[in-house]
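Go ahead and model the full structure; you've got the sequences and the hints to work with.
Residues per chain are reported as follows:
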Amino acid sequence: MIDSIVAKVRDGGRVSAEEALALYHHAPTHVLGRLADGIRLRKHPEQVVTYIIDRNVNYTNICVARCNFCAFYRPVGSGEGYVLGFEEIFHKIDETIAVGGNQLLLQGGHNPDLPIQWYEDLFRGVKARYPDFKLHALSPPEVLHISRLNQLSTTQVIERLVAAGLDSIPGGGAEILVDRVRKLLNCYSKATSDEWIGIMRQAHLAGLRTTATMMYGTVETDEERIEHMMRLRDLQDETGGFTAFITWSYQPEHTEHGGFEETGVDYLRTLALSRIVLDNFDNLQASWVTQGGKVGQLSLAYGANDMGSVMIEENVVRAAGAAYCMDELEIVVNIEDAGFLPKRRNMHYEILGDPIFREREVPRMLALATARADGDTSVPDELKNYEARSRHGRQLRLGQ
Amino acid sequence: MSTVTAFDVYVDRINRGEPLSADEIRELAVTPDILSLGMLADTVRRRLHETRATFLRVADVAFDNQAMLGQSPAAREIRLTGSPSTLAAAVAAVEAARAVAGDRKVAGFSWDDIARWSAGASTGQVLARLRQAGLDAIVDLPLDVIDDPRYAVESLKDAGFLQLRLTISKAPADARTPLLIRAAQLQDSAGAIHALNPLPLSLSTFRPTTGYEDVKMVALARLAAPNVPSIQVDWQRYGPKLAQVALTFGADDIDGVSASDEAPEGRRRAPRAEIERNIEAAGLLPVERDGWFNLLQS
Chain G
0 MIDSIVAKVR DGGRVSAEEA LALYHHAPTH VLGRLADGIR LRKHPEQVVT
50 YIIDRNVNYT NICVARCNFC AFYRPVGSGE GYVLGFEEIF HKIDETIAVG
100 GNQLLLQGGH NPDLPIQWYE DLFRGVKARY PDFKLHALSP PEVLHISRLN
150 QLSTTQVIER LVAAGLDSIP GGGAEILVDR VRKLLNCYSK ATSDEWIGIM
200 RQAHLAGLRT TATMMYGTVE TDEERIEHMM RLRDLQDETG GFTAFITWSY
250 QPEHTEHGGF EETGVDYLRT LALSRIVLDN FDNLQASWVT QGGKVGQLSL
300 AYGANDMGSV MIEENVVRAA GAAYCMDELE IVVNIEDAGF LPKRRNMHYE
350 ILGDPIFRER EVPRMLALAT ARADGDTSVP DELKNYEARS RHGRQLRLGQ
Chain R
0 MSTVTAFDVY VDRINRGEPL SADEIRELAV TPDILSLGML ADTVRRRLHE
50 TRATFLRVAD VAFDNQAMLG QSPAAREIRL TGSPSTLAAA VAAVEAARAV
100 AGDRKVAGFS WDDIARWSAG ASTGQVLARL RQAGLDAIVD LPLDVIDDPR
150 YAVESLKDAG FLQLRLTISK APADARTPLL IRAAQLQDSA GAIHALNPLP
200 LSLSTFRPTT GYEDVKMVAL ARLAAPNVPS IQVDWQRYGP KLAQVALTFG
250 ADDIDGVSAS DEAPEGRRRA PRAEIERNIE AAGLLPVERD GWFNLLQS
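Just so you know, the protein sequences line up as chains G and R, in that order. Position one of the first sequence corresponds to residue 0 (numbering that gives the first Met the number 0), numbered consecutively onward. Position one of the second sequence corresponds to residue 0 (numbering that gives the first Met the number 0), numbered consecutively onward.
Since the hints were made in silico from the structure, they are not lab data. Every value quoted in this text rests on a predicted model; they were computed, and no experiment measured them. Quick reminder that beta carbons are idealized off the backbone N, C-alpha and C, glycines included. Misleading hints may appear alongside valid ones.
The calculated label-pair distances, taken between Cβ atoms and stated as ranges, are [claimed, not checked]:
{"no.": "1", "chain 1": "R", "residue 1": "Asn64", "chain 2": "G", "residue 2": "Gly398", "range": "47 to 57 Å"}
{"no.": "2", "chain 1": "R", "residue 1": "Arg12", "chain 2": "G", "residue 2": "Gly338", "range": "22 to 32 Å"}
{"no.": "3", "chain 1": "R", "residue 1": "Ser203", "chain 2": "G", "residue 2": "Glu223", "range": "37 to 47 Å"}
{"no.": "4", "chain 1": "G", "residue 1": "Glu223", "chain 2": "R", "residue 2": "Pro207", "range": "32 to 42 Å"}
{"no.": "5", "chain 1": "G", "residue 1": "Val378", "chain 2": "R", "residue 2": "Pro207", "range": "37 to 47 Å"}
{"no.": "6", "chain 1": "G", "residue 1": "Arg13", "chain 2": "R", "residue 2": "Asp11", "range": "49 to 59 Å"}
{"no.": "7", "chain 1": "R", "residue 1": "Phe292", "chain 2": "G", "residue 2": "Gly320", "range": "31 to 41 Å"}
{"no.": "8", "chain 1": "G", "residue 1": "Pro27", "chain 2": "R", "residue 2": "Thr30", "range": "33 to 43 Å"}
If we take Cβ atoms under 7 Å as the criterion, some of the chain R residues that face chain G in the derived model are [to be verified]:
{"no.": "9", "residue": "Pro31"}
{"no.": "10", "residue": "Ile33"}
{"no.": "11", "residue": "Leu34"}
{"no.": "12", "residue": "Met38"}
{"no.": "13", "residue": "Gly119"}
{"no.": "14", "residue": "Leu202"}
{"no.": "15", "residue": "Phe205"}
{"no.": "16", "residue": "Thr209"}
{"no.": "17", "residue": "Pro228"}
{"no.": "18", "residue": "Lys240"}
{"no.": "19", "residue": "Leu241"}
{"no.": "20", "residue": "Gln243"}
{"no.": "21", "residue": "Thr247"}
{"no.": "22", "residue": "Ala258"}
{"no.": "23", "residue": "Asn277"}
Rendered as structure tokens:
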């Protein structure tokens, strides 16, 4: 049976969920890799591997969702909770532009004290100062949170945020798009599978491009991992709105859920299977931030055609134990060492050019920045302009 | 497709137990197709070891810190680290380790140390003195550093050191393929080599090796030296992820596993359950071994 599925994939055929499961269970890792690599080569015969210079900014760590796999969030009232000020975010943008970046990946906790006006003012402020700078912001669960908090439909939220400057939506919060899994991970209430898919559909219909993600290795079965991929494939057939797929392994340290991280071989097999199943996705990213530079680079042999983001800053995965860092130079070295041609891109996967450090001097980045320095508990001045929902938030405003 | 056909021919030959020539190894060394290279190496590996992957728990003890010798009873090898300035200091460290090692292997030092201690005596005398003190193995026999590897191997054999392990100190990737071919030639002519560790023991922070480079070197080692029983990768130096992936590229033995289950080493911690989980996730059967490559259990 495996031989016939392998032949089918080599001939460009589409696999069913059952066939995908059979491949995952029975195909040797090199066979999965070669199939995935063949698909990558068909889609990207020019042997280019892309990457983006952007900054992964988490505007708040205060969150009411309480996903049990997350080590980043702090509950309302926590002394370690923060909200970044607009000026802090502008400063991060300045630093991003200095190293050749063109976008913020802006995501955060479900903070009940940030009404939609806060996001609108932030986005407008960014666009006023940096008209060409892109905002890849607010995953579907954040959009849903804002809609609930402000008693707006998700369509209205997307419309208002786009009007304020939102350029695209990241695929965070997907975890595994199976409600049994979401209930066990305590992330069902932040967004059900249908809600996540529904918001992505709305975004695509509104003309936004988005990414799709999968965090695996918690409580899901192999069948559920494949069901997740199938749901993404179906929506992509319908809208064509996803630019890329990114998968990474659950990072267990300091989380309530605990347990172990899946291994490097598991990652490469899952990535390769993703490339095989998601035959309507052009781009697959390597998750070097969870796998490290070496397995991140090896991803390029297992179906990935993109090294993701230089990141500059990372907070969420670091909180759960992963602390890998690669600046543009290292990413380029890894791409070229693997025999590919490195090119900078934007979120739409349009090629922007050759490595920026070959065009001008760029400072080396030997560690990823954090949202804030340890112990910085300052409260941004502008927060007093926005109505807080929580008692702690209201008290904080009164103290300002 | 022609590349695939060429690799298929190689697979057939490997399955028949036919080694690849030095010229063929040099040709494979420049291929960017690491997956096909990995498949070839995995074919050799499975012919030699089937689905078994071994691991060795080691207690690394500084030669001048004998208070630590009683630690890590789970270790199957006591490995003395550091470089004593004199042979007498080395002998004293070996004797102290031997006293607590029981039936476990005591290993330590590099060929550089042996050469230095041989300044006023013959190499044979130095090796005999260390053997007499209870040393079972020299840890580092770096092919890229030793002037005359044949002499080193013969001297070690004459002194009663068996199951030798060849290593690479810091040779860059493009200089390592000839060393791997040389390892196979040494084994043909001198024998006594049991393991080859093809990844550099000295890691450069300025120019770290890449994942492609590492797995390619492991695969080339397996293909170049099918006459050397084990291809090793170091768990602590290269980390669980790379070490595990290397098992699918021809490695069959994970060396340097910490013997302490409680060491707070974060993501590099190496409790036995963790290494067994990694080996099983690579589709292989984990088997702990002792310092003499005897299998302890499955």
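- Message: Can you verify the interface hint for R:Leu241: is its Cβ closer than 7 Å to any Cβ in chain G?
- Response: holds (5 Å)
- Query: Does R:Pro228 pass the interface check with chain G, least Cβ-Cβ distance below 7 Å?
  - Reply: Violated. Min distance 23 Å.
- In this structure, is the beta-carbon distance linking R:Asn64 and G:Gly398 contained in 47 to 57 Å? holds (55 Å)
- Task: Could you check if R:Ala258 really has its C-beta closer than 7 Å to a C-beta on chain G?
- Result: This hint is violated: R:Ala258 lies away from chain G, its Cβ roughly 20 Å from the closest one there, beyond 7 Å.
- Message: Quick check on the hint: R:Asn277 CB to chain G CB, less than 7 Å?
- Response: OK, holds: R:Asn277 within 7 Å of chain G, min 5 Å.
- Against chain G, is R:Ile33 within 7 Å by beta-carbon distance? holds (6 Å)
- CB-CB spacing for R:Asp11 and G:Arg13 relative to the 49 to 59 Å hint: violated (32 Å)
- Query: Taking the closest Cβ pair, is R:Lys240 under 7 Å from chain G?
  - Reply: At 3 Å from the nearest chain G Cβ, R:Lys240 passes the 7 Å test, so the hint holds.
- Between R:Ser203 and G:Glu223, does the beta-carbon spacing fit 37 to 47 Å? holds (42 Å)
- For R:Phe292 and G:Gly320, compare the CB-CB distance with the range 31 to 41 Å and indicate the outcome. Because 34 Å falls inside the window, the suggested range holds.
- Query: Given R:Thr209 as an interface hint, is the shortest Cβ-Cβ distance to chain G below 7 Å?
  - Reply: holds (5 Å)
- Message: Just to be careful: measuring from the Cβ of R:Gln243 to every Cβ in chain G, is the smallest value less than 7 Å?
- Response: Holds - the Cβ of R:Gln243 comes within 7 Å of chain G, reaching about 5 Å at its closest.
Hint compliance for this structure: hints 6, 8, 13, 14, 15, 17 and 22 are not met, and every other hint is.
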